[in-house]
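In the order they appear, the protein sequences are chains A and B. With the first letter of the first sequence counted as 1, position 14 gets the number 463 in my numbering; the numbers rise by one all the way through. With the first letter of the second sequence counted as 1, position 265 gets the number 714 in my numbering; the numbers rise by one all the way through.
I should point out that these hints are in silico values taken from the structure, not numbers from a laboratory. Errors might be hidden in some of the hints.
Unchecked claim - To give an idea of the interface, some chain A residues facing chain B are shown, with a C-beta separation under 7 Å as derived from the structure: (1) 589; (2) 728; (3) 738.
Just so it is clear, CB atoms sit at the ideal spot from N, CA and C, and this is done for glycine as well.
2 protein chains.
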Amino acid sequence: MAWTDERARAALRTLFDAAVSAADPRKVLAAHLPPKPKGRCIVVGCGKSAAVMAAALEDAWPDVRLEGTVVTRYGHTVPTRSIEVIEASHPVPDDNSERGAHRLLERVQGLQKSDLVLALISGGGSALCALPAPGLTLADKQTINRALLASGANISEMNCVRKHLSAIKGGRLAAAAQPARVVTLAISDVPGDDPAVIASGPTVPDPTTFADARAIIARYGIDPSSAVTEHLAKASDETPSGLGNAEFHLIATPMMALTHMAETAHGMGLNALVLGDALEGESREVGTLMAGIARSVRAHAEPLQAPAVVLSGGETTVTLASQTTGHGGRNTEFLLSLAVALAGAGGIWAIAGDTDGLDGMDDIAGAIVAPDTLARARSAGLDPRAMLAGHDSHTLFDRIGDAVRTGPTLTNVNDIRAILIA
Amino acid sequence: MAWTDERARAALRTLFDAAVSAADPRKVLAAHLPPKPKGRCIVVGCGKSAAVMAAALEDAWPDVRLEGTVVTRYGHTVPTRSIEVIEASHPVPDDNSERGAHRLLERVQGLQKSDLVLALISGGGSALCALPAPGLTLADKQTINRALLASGANISEMNCVRKHLSAIKGGRLAAAAQPARVVTLAISDVPGDDPAVIASGPTVPDPTTFADARAIIARYGIDPSSAVTEHLAKASDETPSGLGNAEFHLIATPMMALTHMAETAHGMGLNALVLGDALEGESREVGTLMAGIARSVRAHAEPLQAPAVVLSGGETTVTLASQTTGHGGRNTEFLLSLAVALAGAGGIWAIAGDTDGLDGMDDIAGAIVAPDTLARARSAGLDPRAMLAGHDSHTLFDRIGDAVRTGPTLTNVNDIRAILIA
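Start from the sequences and build out the full structure, keeping to the hints where you can.
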């Protein structure tokens with residue numbers, strides 16, 4: 450059967466939906482649950498998927514009495530039966546982030562060894578659940594955060610300092626739950642899927658110390674407030690470097706989503722290659738490069754034989770060269786650049802989108818590119834190169850009817866890209 | 450056997466040399482020669498490899514009386530026995546380019562059906578062999594070239610106009626040789642390996658017409674000189690749309706070099722993946738992206754299982770954001786960005802270089818990246834991020850002793866990149 454335009458578009462949309470499905474807590478959470486506890490079952494959690502993870506848990510364990518609280522982003526609530534849901538602000542924390550963090554710490558007080566804490570962790574949890582260490586204010590943390598961002602410190606160094614200014618991050622939530630067993634179920638949206646990085650690891654041991662945090666502050670010549678200096682000088686109350694009561698399971702990752710896409714592609718008679726789960730780079734340059742890979746599949750059957758899909762995950766970047774009035778996102782900018790580089794080459798289609806359903810600020814998850822994308826844009830009176838230069842890719846794909854809309858998916862394993870070469 | 454630093458570096462250098470070797474006319478030309486002619490054997494050619502191709506031909510056919518001329522770049526001459534070598538200027542043509550083109554056209558006059566013309570074509574041939582059509586000057590061509598470059602016309606459109614202003618391009622050299630048989634042996638440095646594009650195809654049929662050239666001039670609102678307008682108005686003297694006497698063989702291409710690298714890698718116990726032969730994109734962004742692919746091989750055995758090499762060809766781009774005093778090239782900028790993105794990750798090495806031996810303006814072909822590249826640069830008092838920002842990658846790799854120098858290789862199948870993941 451030939452790869453018609455209609456068939457290729459449908460296949461790509463199926464692949465995108467397969468990625469989202471592989472990250473949907475309602476579909477994947479149950480398989481990762483531990484045995485039911487003899488004692489109480491406390492649920493805590495934070496992140497953009499916290500509410501839907503809680504609801505999935507309630508569906509999976511209808512016969513278990515679940516008590517607890519999860520903190521999610523405004524608008525990300527789904528109905529739950531017994532688990533409390535608090536909404537808070539992302540990416541900048543608000544009072545509810547602090548209230549939520551307090552509530553999670555309360556929930557794990559006074560537990561027994563036979564009790565089970567299920568921690569439901571996903572991206573965004575760090576901002577949604579922010580509690581300064583005793584004696585510090587949110588303003589203290591914000592000031593040093595800005596200084597760190599400007600200092601050239603890398604992400605591990607920034608996380609080390611942040612964890613040592615928090616009352617909940619860096620394993621402190623799991624430590625507070627002792628002696629109860631803590632099982633974390635997590636959805637990863639971070640490169641490398643490091644448990645200590647997802648939501649700043651509230652249930653994950655932290656190998657770094659106050660001394661490390663002080664050394665980083667000194668290394669980058671940061672001048673913190675006196676409250677911060679005093680706090681970091683502490684000789685006790687370290688973040689836990691080991692947590693005998695805690696275990697950690699990834700229930701959804703970018704690579705799991707890509708693997709599910711590849712299997713789905715095989716089922717449609719396509720060869721599949723996964724280039725990587727955490728690819729980064731300027732969106733338009735990634736588009737140019739991937740056009741070269743697609744052309745090579747057509748011309749040389751390298752890196753694999755057509756019909757095929759080339760899959761990848763991870764967040765690309767859009768650098769705005771100047772003030773722009775364009776509407777765009779990482780995925781549609783990648784796609785528009787890909788289309789321009791392919792210049793109408795036959796037999797190549799692509800989809801790219803954010804698995805959370807939001808590519809940038811508009812309600813577009815992503816878009817589809819076809820061999821006639823540029824021609825149809827020009828017929829609609831649009832100038833693809835000018836719109837790429839103006840970061841106006843949402844407008845272009847929307848105007849030609851090729852934007853992909855899913856609505857908020859309530860999960861997030863980052864962006865996925867699939868290029869189909871017939 | 451473990452992949453020590455020494456072994457990985459040696460393997461990468463062997464792979465780079467394998468790519469150059471696969472494009473070396475002295476090694477590959479003989480296998481592509483046609484049967485020896487009954488009549489005369491005329492040699493014509495142009496391009497940066499023209500002289501070494503002529504010498505390789507003389508070595509392969511010591512018993513054939515070879516007459517002819519090839520035009521190469523200043524400094525690219527090698528000793529030949531009977532074939533004349535003219536040197537000319539690249540990338541901007543000079544008087545010798547015109548003299549050379551005249552000489553080639555003279556050489557193919559008055560031939561018989563039993564004679565053979567061997568045309569030795571390689572990159573740079575278009576500038577090295579430039580002859581305005583009768584009635585036009587080099588200045589006429591330069592003026593319209595500038596207008597085309599500024600107009601937004603694509604490369605095919607520009608080539609169409611250029612061919613219709615030339616006395617030698619677009620198949621005119623082969624047409625002039627009729628009724629002799631013309632066999633072209635070519636080295637490709639262009640994306641897609643299109644025979645009509647390499648050196649503007651002096652021996653390759655041109656499907657475009659004067660009418661097409663006029664339409665392009667009109668489409669982009671270009672106002673040519675009256676001599677050009679008059680020339681393009683011609684109803685006769687079209688470029689040949691078919692050439693029954695001509696055949697074309699690629700003797701070296703980027704993909705052939707990459708395939709030879711992959712075979713060499715297999716022989717060293719490495720899996721190999723060729724991503725493509727004509728990848729493009731901003732050098733530093735390609736570095737960032739490829740770091741993600743290398744990390745995925747380590748973390749997930751995707752897109753292939755380590756120990757492995759990820760291979761690619763094609764020219765990346767360096768966009769200078771502002772005036773820079775840095776010394777750099779496409780390949781070393783790619784490598785420095787890759788090293789910064791890998792941040793010292795263990796078990797990953799890379800080489801990248803221009804197969805012609807010159808990465809940019811300095812006498813460096815490329816460089817090697819190792820897990821300790823950043824650490825050694827910092828120990829030498831260098832700031833890798835600042836040097837990347839300042840396009841000073843040659844300086845960095847030279848200072849830490851990791852620049853790769855080959856000298857001019859006299860061939861060119863563009864850049865190659867190999868990332869080794871142990």
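Against the structure, the hints come out as follows:
{"no.": "1", "hint": "589", "verdict": "violated, 29 Å"}
{"no.": "2", "hint": "728", "verdict": "holds, 4 Å"}
{"no.": "3", "hint": "738", "verdict": "holds, 4 Å"}
Going through the hint list in order, the structure does not satisfy hint 1, though it satisfies all others.
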